[in-house]
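Chain residues, written in single-letter form:
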Amino acid sequence: MIPRSGTQSSGRVLRFDGVERAVHWATAGLFGLALATAGILYIPSLAAVAGRRALVRDVHVAAGFLLPVPLLVALAGRWGRALAGDVAGLGRWDAADRRWLRSLGRAAGDGPGKFNAGQKLNAAFVSGGVVVMLGTGAILHWPAPFPLPWRTGATFVHDWFATGLVVVVAGHVAMAVAHPGSLRGMTTGRVGRGYAERHHPGWAIPPDSATIATGEGARRAGRPLLGVAVGCSVVAAVGALLPLRAGQQGDGPAAVARRFQSALEGNDLERAYHLLSPAARSQGLTAEAFFRQQTHQQDDRYLDPGQSEPYATAVTVHRQHRAEGSVHVALTVRMSDGRTNWRQVDLSQTGRTWRVDHFARLGTDPCGDARTTRPWGCPARSGRGQ
Amino acid sequence: MSGQPPGESTNISRRVMLGMLGSGMAGIVLGSRVQDLLGRLPGPFGGSGDRFYSSLVPGRARFRIYSVSDTFPDRSARDYRLDVTGLVARPLRLSLDDLHSLPATRLERDFQCVTGWRVRDVPWAGLRVAELLDRAGVRPEARAIRFRSFDGVYTESLTLEQARRPDVLVAYGMEGAPLSRAHGGPARLYVAPMYGYKSLKWLESIEVTDHVELGYWERQDYDVDAWVGRSNTRPGDHPT
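Residue numbers (my numbering), protein chains in the order written: chain X, 1 to 386; chain U, 1 to 240.
Check the hints yourself; a few may be wrong.
[As the list claims (entries may be wrong)] Non-contacting residues of chain X with respect to chain U, defined by C-beta distances greater than 12 Å in every case (computed):
1. F31
2. V49
3. W79
4. R92
5. R106
6. T155
7. H199
8. S326
[Said to hold, decoys possible] If you anchor each label on the Cβ, the simulated ranges turn out as follows:
9. X:L35 <-> U:P140: 52 to 58 Å
10. X:F146 <-> U:D97: 46 to 52 Å
11. U:G22 <-> X:D17: 52 to 58 Å
12. X:G171 <-> U:R219: 29 to 35 Å
13. U:H100 <-> X:L148: 35 to 41 Å
14. U:P178 <-> X:R106: 52 to 58 Å
15. U:L18 <-> X:S326: 55 to 61 Å
16. U:G19 <-> X:L35: 34 to 40 Å
17. X:G32 <-> U:T159: 46 to 52 Å
18. U:D110 <-> X:L72: 50 to 56 Å
19. X:R78 <-> U:Q220: 20 to 26 Å
20. X:V167 <-> U:D121: 27 to 33 Å
21. X:M186 <-> U:E108: 51 to 57 Å
Hints are computed from structural coordinates only; laboratory data are not their basis.
Just so it is clear, CB atoms sit at the ideal spot from N, CA and C, and this is done for glycine as well.
If we strip away everything but chain X, and leave its shape as in the complex, we get:
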């Protein structure tokens, strides 16, 4: 009798096809990468040896978000039929599995099918754990929408679940090393017939009436795992679509505009002009356009009567000097307490984007200051005093 789920070949049985093995080793590689980079990020003595923290963090985030991708790609098409059958089988429990669990793997009787209850538990634990890691990882990566205690909580959960996953995966590796016959199933795809009959009799020698883990019933049983896979794919798709280093504090146009306004109101002008570069990117408002606008709207007011500190009431651009790829601006900021402060802003252009390189206090109008070295294009001195 030839088992229906395995193909006999010189005393060996096909256990995992090429797609399943590719998924396994791709996932293992990504997990290893995520684990190694996590170690460097988390353990100070490793961080000291490795350095390059920004790169290590980017690799960690990329490996993490990519982790479910091999499984999902394999499940997406007909090439993953064997895998889908195994996923369904891993999510299906019967009385024999519970007997196996109660006896801690020593139960005889009808014996396990393709996967024993320990392997099913392992699969469930790792799938659930990976979903939690992806969810908390997403909170850590895009913290802006979440309240502070949640961000701290997400870090806490990420740390503890990582530890749990490491322990379980280490156990998985140890079991594979302790059972070379089983490991060969994942390296060559085939296991010895004797091994299969001893450890997975319900799979190697199916009774005539056995329901092999394919078909409608099995597909229903596999739904929890497939649901997990869909959840992973949503997180992975979001992770892939958004840039890896999306802003730490919310970089949407509205957020930038709000922060810019509030910086002006709080008289934090360095901050306000610093914000211009992301604002320019996200709103199509170039720094140059902003200053031109200020030249025409000299009375633009940012009033906040509730503020006890002096605040900016108007910004006026007085001098501009343009050169290839750079603009220097001298402007005054009128304060609520009547003072007027001179400021200098240096802008430079990369491609179509302007950024603020430098913001400095000027003592006075540069055209009124004999020591001025910058070519501001000041009007002829005879025409006016300071």
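Once you have looked at the hints, place chain U on chain X.
Below, chain U alone, put in the same frame as chain X:
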């Protein structure tokens, strides 16, 4: 042989996964409180100890080591020099021994990172930045300070007023020991009332300037005035 059709018997896989999702969500909501409690305990789960094995305990309220340069900078205590330059009457170059010979200040204050972790009641030893400024003699046009790190990348700045605060230190000791390399030794800046990124590590020079120049993290969109609980969209943090 099971009497129940597949999918309708007790599905342990589903239970395990739902249990993990549930505990994960509970942990997100309650984890900060649990961590807070753990942080008050002694021992490896609590808030003390920097040994390798204790760094493996997850979720501790301890330091995470950040650096911005490609390699982890290293300078021995003997080779260390701190320059005080810029708009000063007397530029200074100080060895670590020189720093130790100046009036010392000890502070016990929290260290709060803008990414969320906080270490409670860290004992710091060092000297006030104000002490160095007074010795160098700040010129009247000075308005701000620019700090540089010997990692070659990290810069920070404070207004003169902020730098003169009594809780702004050049720190050379932490938790009763010389400041370790990982924590920014031989000497770093410690700006107690602000988020950790203002406390520049591996301090090499203090330059007195006439305006605030944005530091490394500010150029990446972090707030210039980084008061804990009043900046960086973290309004819930208790001031340190």
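Status of each hint after checking the structure:
1. F31: holds, 17 Å
2. V49: Since the minimum Cβ distance to chain U is about 7 Å, V49 of chain X lies within 12 Å and the statement is violated.
3. W79: holds, 24 Å
4. R92: The claim breaks: R92 of chain X does not keep its Cβ more than 12 Å from every Cβ of chain U (closest is about 5 Å).
5. R106: Answer for R106 of chain X: holds, closest chain U Cβ roughly 18 Å.
6. T155: violated, 6 Å
7. H199: H199 of chain X is indeed farther than 12 Å from all Cβ atoms of chain U, at 19 Å.
8. S326: holds, 18 Å
9. X:L35 <-> U:P140: 52 to 58 Å: holds, 57 Å
10. X:F146 <-> U:D97: 46 to 52 Å: Given a distance of about 47 Å, which is inside 46 to 52 Å, the answer is holds.
11. U:G22 <-> X:D17: 52 to 58 Å: Check failed, 35 Å falls outside 52 to 58 Å.
12. X:G171 <-> U:R219: 29 to 35 Å: violated, 46 Å
13. U:H100 <-> X:L148: 35 to 41 Å: Given range 35 to 41 Å: holds, Cβ gap about 38 Å.
14. U:P178 <-> X:R106: 52 to 58 Å: Given range 52 to 58 Å: holds, Cβ gap about 57 Å.
15. U:L18 <-> X:S326: 55 to 61 Å: holds, 59 Å
16. U:G19 <-> X:L35: 34 to 40 Å: violated, 23 Å
17. X:G32 <-> U:T159: 46 to 52 Å: This hint holds: roughly 47 Å between Cβ atoms.
18. U:D110 <-> X:L72: 50 to 56 Å: With a Cβ separation near 43 Å, D110 of chain U and L72 of chain X fall outside 50 to 56 Å, so the hint is violated.
19. X:R78 <-> U:Q220: 20 to 26 Å: Check failed, 46 Å falls outside 20 to 26 Å.
20. X:V167 <-> U:D121: 27 to 33 Å: The hint (27 to 33 Å, Cβ to Cβ) holds, given that V167 of chain X and D121 of chain U are roughly 32 Å apart.
21. X:M186 <-> U:E108: 51 to 57 Å: holds, 54 Å
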